[in-house]
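Participant: Spelled out from the first residue to the last, the chains are:
Number of protein chains: 2
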Amino acid sequence: MTYCVAMRLAEGLVFASDSRTNAGFDKISTFRKMHFFRQPGTGSESQGGERELVILSAGNLATSQSVISLLEKRCGTDQANLLDTPSMFESAELVGQTMREVIQRDKPEGKDSRVDFSCSMILGGQIRGESPRLFNIYTEGNFIEATRETPYFQIGESKYGKPILDRIMNFETPLERAYQCALISFDSTMKSNLSVGMPLDVAIYRNDALKPCTFEQVDEHNDYFHQLRAQWHQGIQTLFNELDPPTIC
Amino acid sequence: MTYCVAMRLAEGLVFASDSRTNAGFDKISTFRKMHFFRQPGTGSESQGGERELVILSAGNLATSQSVISLLEKRCGTDQANLLDTPSMFESAELVGQTMREVIQRDKPEGKDSRVDFSCSMILGGQIRGESPRLFNIYTEGNFIEATRETPYFQIGESKYGKPILDRIMNFETPLERAYQCALISFDSTMKSNLSVGMPLDVAIYRNDALKPCTFEQVDEHNDYFHQLRAQWHQGIQTLFNELDPPTIC
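Going down the list, the sequences are from chains A and B. Each residue of the first sequence is one higher than the one before, counting from -8 in this note's numbering. Each residue of the second sequence is one higher than the one before, counting from -8 in this note's numbering.
Just so you know, the hints here were simulated from the structure itself, not pulled from any lab data. Built from N, CA and C at the ideal position, the CB exists for glycine as well. Errors might be hidden in some of the hints.
Said to hold, decoys possible - Part of the chain B face toward chain A, derived, beta carbon under 8 angstroms:
1. 167
2. 171
3. 182
4. 183
5. 195
6. 205
7. 215
8. 218
9. 222
10. 224
11. 226
12. 234
13. 239
As the list claims (entries may be wrong) - Simulated DEER-style distance windows between Cβ atoms:
14. A:97 with B:13: 33 to 43 angstroms
15. B:122 with A:212: 43 to 53 angstroms
16. B:138 with A:17: 21 to 31 angstroms
17. B:138 with A:229: 26 to 36 angstroms
18. A:206 with B:122: 49 to 59 angstroms
19. B:225 with A:21: 32 to 42 angstroms
20. B:135 with A:211: 29 to 39 angstroms
Work out the full structure: start from the sequences and follow the hints.
Facilitator: Okay, here's the thing in structure tokens:
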């Protein structure tokens, strides 16, 4: 299983993903689910680059790895590729098309397979000349875009970590708050589902930076995550203990 | 959809269920999912009755209604019935057996049906001479029992409301605290899933009471629930805002 969340906020974008994959309880591996496509600038460093794109992937690992490999392999060639798309919208189209291509390649023709070849992806980022945008791309290759009213997307094991996002997040949430909220959402998910596991990849992109995201890999030894989860857990206990008592009992 | 939760704690049992059923977004109805089987005492009122049993149901409504109807119809007859079982264990066996009977009756023989006839149930309560016990009965009719280490069961749409239970509940949690925790768990679930809805049924059984549970129907006009959800929501915001800031951004 997998859990990924991405947010498009007033100040920029936040991405987070776990790194556990499993095919049964005794076939557990670590695979990164966060992938970057970036075009360094040709001018001075202060001008930044031309694009910064992030893809998060969930679902069948063979499918999602092939999609990422094909997208990477085509960069810098004459084929349509993610370093050459004129807009984020066309980047989402290209990712969706590549997902269809891989699933069609692998799925046995004309008969039902017991294997689920589906995958889903989140694509976010910025291309010079456009505002940052964020897309949720379904296994069918079609997609939806995040808006001010619905500023975040989740893929994979999304339910355990959704209530805290719903209570805290909105478009105006500052990036560092969104980062904290994403970590708490992962903490709740990892407590309930063994198939979502550390290390976590977190990337933060500030509007118009057009340079590599601030990236952090949060593993078991990350002091801030330990402190945050302890503070949250203790805070929830205290909050609960201070609730007005019910009259029923 | 449905969400039900039940807990077996040091002081007694807590049951809670929503009342929304749906077959598509425009076919929404209200059906109770909490059912009581009780045997009034023959002695004085202070002695209490002989048994108090509660069943929560989720899954196919035609299946679960038939199961409850059959269990009710057989009470007071010569057939094995829930007012006559010598123990909670045999009560769970009887419920499981009745579930198998109904599913076998309805499921087209020898061919796969597109309809999902499955249901699941939680049975809890006390029969004089035994301690209170709590069982989670699967659609196959087999079941597991709650223990000190795993004091609660959920059926139906369980994921959104699980993190708060995991953070708060343990075997020693007092009944009124468990009641509050169940309500918060429902609040989180109803925020995220439209197919779980009010009114909620809540029943509280104190060890060895052997009389009807304290029962409450929590609807949109319930002042305590309004106050609790507002206090919780506000408390979560405050707790979140007081977290130590991260160093990443």
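Participant: Could you run down the list of hints and mark each one as holding or not?
Facilitator: Right, here's what the structure says about each hint:
For residue 167 of chain B, the interface hint holds, the least distance from its beta-carbon to any beta-carbon of chain A being 4 angstroms, beneath 8 angstroms. This hint holds: residue 171 of chain B has a C-beta 6 angstroms from the nearest C-beta of chain A, less than the 8 angstroms allowed. Checking residue 182 of chain B against chain A: minimum C-beta separation of about 6 angstroms stays under 8 angstroms; hint holds. Residue-level restraint check for residue 183 of chain B holds (minimum Cβ-Cβ distance to chain A is 5 angstroms; threshold 8 angstroms).
With a cut of 8 angstroms, the hint placing residue 195 of chain B at the interface with chain A holds, because the nearest CB-to-CB distance is about 6 angstroms. For residue 205 of chain B, the suggested interface contact is upheld, since its CB lies about 6 angstroms from the closest CB of chain A, less than 8 angstroms. Interface hint at residue 215 of chain B: satisfied, since its Cβ lies 6 angstroms from the closest Cβ of chain A, which is below the 8 angstroms cut-off. Using the Cβ-Cβ criterion of 8 angstroms, the hint placing residue 218 of chain B at the interface with chain A is satisfied: the shortest such distance is roughly 7 angstroms.
A distance limit of 8 angstroms between C-beta atoms decides the matter here; for residue 222 of chain B the minimum to chain A is near 6 angstroms, and the interface restraint holds. With 8 angstroms as the threshold, the beta carbon of residue 224 of chain B comes within range of chain A, its nearest partner Cβ sitting at about 6 angstroms, so the hint holds. Hint status for residue 226 of chain B: holds, given a least beta-carbon distance of 4 angstroms to chain A, under 8 angstroms. At about 6 angstroms, the closest approach between the beta carbon of residue 234 of chain B and any beta carbon in chain A falls short of 8 angstroms, and the interface hint on this residue holds.
With a cut of 8 angstroms, the hint placing residue 239 of chain B at the interface with chain A holds, because the nearest CB-to-CB distance is about 6 angstroms. Roughly 35 angstroms separates the CB atoms of residue 97 of chain A and residue 13 of chain B, a value that falls within the hinted 33 to 43 angstroms. The given range of 43 to 53 angstroms is respected by residue 122 of chain B and residue 212 of chain A, whose C-beta atoms sit roughly 45 angstroms from each other. The beta-carbon spacing between residue 138 of chain B and residue 17 of chain A, approximately 25 angstroms, falls within the hinted interval of 21 to 31 angstroms.
Between residue 138 of chain B and residue 229 of chain A the beta carbon distance is about 28 angstroms. The supplied range of 26 to 36 angstroms therefore holds. Remark: the range hint 49 to 59 angstroms for residue 206 of chain A to residue 122 of chain B is upheld by a beta-carbon distance near 54 angstroms. Distance hint check for residue 225 of chain B and residue 21 of chain A: the Cβ-Cβ separation is about 39 angstroms, which falls inside the suggested range of 32 to 42 angstroms. The hinted window of 29 to 39 angstroms between residue 135 of chain B and residue 211 of chain A holds, with their beta carbons roughly 31 angstroms apart.
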